[in-house]
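For the protein sequence lines, the chains are A and B, in the order given. Just so you know, we're using this note's numbering here: the first sequence kicks off at 7 and counts up by one. Just so you know, we're using this note's numbering here: the second sequence kicks off at 25 and counts up by one.
These are calculated hints, taken from the structure and not from any lab test. Just so you know, these numbers come straight off a predicted model, no measurement behind them. Treat each hint with caution, since some may be false.
[Stated by the list, open to error] Chain B side only, calculated, beta carbon under 7 Å to chain A, not exhaustive:
(1) I29
(2) L33
(3) L38
(4) A39
(5) V49
(6) G57
(7) G243
(8) E245
(9) M283
(10) S284
Yeah, the Cβ is synthetic: ideal placement off N, Cα and C, and Gly gets one too.
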Amino acid sequence: MEELSPFVIFFASIFTSNILLTNFLGMCSYLSVSRELKTAWGLGLAVIFVLTCTSAVNYWLYYYLLVPQGLEYLQYIAFIIVIAAFVQVVEMIVDRVSDRLYAALGIFLPLITVNCAILGGSLFMVIRKYDFVQSLMFGAGSGIGWALAIMALAGIRRKMSRRSAVIPALEGPGIVLIITGIIALGFIGFSGVVQIN
Amino acid sequence: MTQIILPALSIAALATVLAVIILIVEHYLMDYGEVDLTINDERKYKVTGGSTLLNTLKKENIFIPSACGGRATCAYCKVKAVRGFGEILPTEEPLLTKEEIAQGIRLSCQLKVKNDVAIEIPEELFSIKEFKGRVEAIDDLTYDIKLFRFRLKTPETIDFKAGQYIQFQAPEYGDIDESVYRAYSMCNVPSDQTSVELMVRLVPDGICTTYMFNYLRVGDEVTFTGPFGDFYLRDSDRRMICIAGGSGMAPLRSILKSMSPEEIAKRRPIFFFGSRAKRDLFLMDEWRAFEQEHPDFTFIPTLSSPAPEDNWEGETGYIPSIVEKYVDNVAEAEGYLCGSPGMLNACVDMLVRSGMPEERIYYDKFE
């Protein structure tokens, strides 16, 4: 694989290869926590933090522990344990810092553990053979990209709840998926600019 | 061999390291230390921070009514937050009215005590305790209403105002894997301090009443908290119009039976008791005897749909219209009502239309 500048990876993972809009990872919390801009922002921040940190830790874990021991096949379980532990820490931080955010995120905060975007980030890092700085940039960029996507959707849903008459059958997840598809089309339009996968 | 042990050890080591990190973070982050809890400006407590207000108060033996166990669904555990709590939480919003939010009313099961806080709660809540008792008697009043008599063990006595209720705890049983609390009014007089009597109607598929009817036996231990409620006799000279349906007789029995003969002569209570048919009537002899004893007390049982074989010669039909027939000056009286929401709302409407101000109508609505 040709050597990509970490900054290219950073910006590409936000825009042209947005983990949510081009890989459709991390959909469940994206669909359910996008009703309010404020909670979407909170969850977005949490995902940025967890994704960046777990990319770094998992990089270290993979190349310095698993590979030397020939235990690459344990990557899934090892990555998940790290993610779960990190989410616990983030949960405690949010609980300490903001009651409102804690109550609003409720069940979704622990659900970051099974947010496939986070595990996906770590796995892409391995598959694409990124080095440490590239992994870190990819993790941060993917997190920011995910946060950007959920906030864009939350903004649209807020406007929509005030102005639009949605067909009853499409209310809720139905219309949200259609909107997501349209946003994704827009993002895919930029994918010719730079490709990281 | 190493091929088996190495992966297992690696994962175990990884998990251990992460667990230690979590424990360290928890130790530093979740430790709020001792904080000051001020209630009604005068009572001060030193409590350990970190848990919900409801549980913190429980530890200080202050029992706030709560039926859902902190899941933000029953909205019984409202308290007034004076200071130390942040903005209203999304989990509270659906259960509070705009006026309540403006007054600072919050759900104590959702608030966390993290720093020095101050709240206001009704003074009566301080006398609320958790009681353990033993079932002394279970009597059939009708085919679907039973009278339960509990003798208190710890504490040995209860102080309550006639008309108040307790929250009975139904433990886990059968397929029900969660204990629930339900409110029942005492029907015995407060001077009977060593026991509590409840009238309970079997609710089809009701978690608590099914437990009480089918599982609870004489001699079993029971747990309840109380007393709660602001349905009790107000001091005045006005005539009392009492209206109850079915097991709603309980608080009114307690109130009427605890009045002194002088008070009964002064307040001239009239008690309208509504049922469907004769088989739903109970304790008729007791009320007749009470009527004999107190010439100023009137008891009027009414049936909404008497069966043909009942040979009923008493009042029938809709309670509001019967009340107007017996009481001349409804507007000057005071109303004490207990029963189902449907019956209660109709009666409150009637009393208000007859000119009784709403603040003189006291009621205990089944929910």
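Hint check:
no.	hint	verdict
1	I29	11 Å, violated
2	L33	10 Å, violated
3	L38	6 Å, holds
4	A39	6 Å, holds
5	V49	5 Å, holds
6	G57	13 Å, violated
7	G243	43 Å, violated
8	E245	36 Å, violated
9	M283	48 Å, violated
10	S284	51 Å, violated
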